[in-house]
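Line by line, the protein sequences give chains H and Y. The first sequence lines up with residues 6 to 155 when you count with the numbering used here. The second sequence lines up with residues 6 to 155 when you count with the numbering used here.
Source of the hints: derived by calculation from the structure; they are not laboratory data. No incorrect hints appear here.
For identical chains, the list gives no copy identity; a pair is met inside one copy or between any two copies.
Derived DMTMM-like pairs (lysine to aspartate or glutamate); straight-line CA-CA distance at most 25 Å:
hint, residue 1, residue 2
1, 32, 65
2, 38, 150
3, 41, 95
4, 32, 74
5, 146, 74
6, 116, 132
7, 115, 89
8, 38, 95
9, 96, 35
10, 41, 106
11, 41, 74
12, 135, 119
13, 116, 151
Given the structure is predicted, the values throughout are model-derived calculations rather than measurements.
There are 2 protein chains.
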Amino acid sequence: MQRLLLTAAAAVLGLATALPAAAQFQKPEDAVKYRKAGFTVMAAHFSRLGAMAQGRVPFDAATAQANAEIVAQMSKLPFAGFVDGTSGTEKGAPKANVWSDRAKFDAGAKKLQDEAAKLVASAKTLDGLKAQFGPTAGTCKACHDDFRNP
Amino acid sequence: MQRLLLTAAAAVLGLATALPAAAQFQKPEDAVKYRKAGFTVMAAHFSRLGAMAQGRVPFDAATAQANAEIVAQMSKLPFAGFVDGTSGTEKGAPKANVWSDRAKFDAGAKKLQDEAAKLVASAKTLDGLKAQFGPTAGTCKACHDDFRNP
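Input sequences plus hints: build the corresponding full structure.
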């Protein structure tokens, strides 16, 4: 019953596809490694889109589309790795406010997922990619500014 | 024209969805970081399936399905990171035969992708998951035995 309620709540929050797949972690270090890995994969494909949006590599619709789909899929994953007790003070580590201001953090994650989903449709053309790359990148920056140690 | 031929060749090899999305790397270290990250994410979700297949956590069809889909998607990614000059001799690093016996390595990657794709269909039931988990795990082990430093 608890599972049913959780699933229903997740659906309402638009997290239906993300939550059931959430990786489970035996140790906090595993969660940290997982979330870093997810962001690394997402960033590699997102930077490929950036290179096209900024004209550093020629635009190719199929490549853009494939990379955007991976970014959209990857955007759902790393947030499961923000488990309790894994904040830090070193460069790049999440600040304690990820946990103390969780609603804002979760809203930021949702915003990334929403903008990344739009990117899939937008990346069909160079103009579309150019228009949607910035707003998507902005969701990365917003969370980093608020929640990540510089 | 070269691109067209490459795309056609990729389609024949069943790599059509993997190749156009291949991340590009400025430095070999970026490729190494990327492939490790991809395997880390894949392993986290695959181990969740293992826990269900082996009865350590209760089987849940939606969870199994979602994890299997992520494993299948992730299985397409890390191999782009095996760029020239990134073999090693330390524990876990790829041996030089990844490059000297590339056809066999690529066939191993394809086998993983094929078995992971079957896992998506199989994971709808516990019996199906139990039947397909082993063959999929076997493709991991086969490549590790042949190509990874113990």
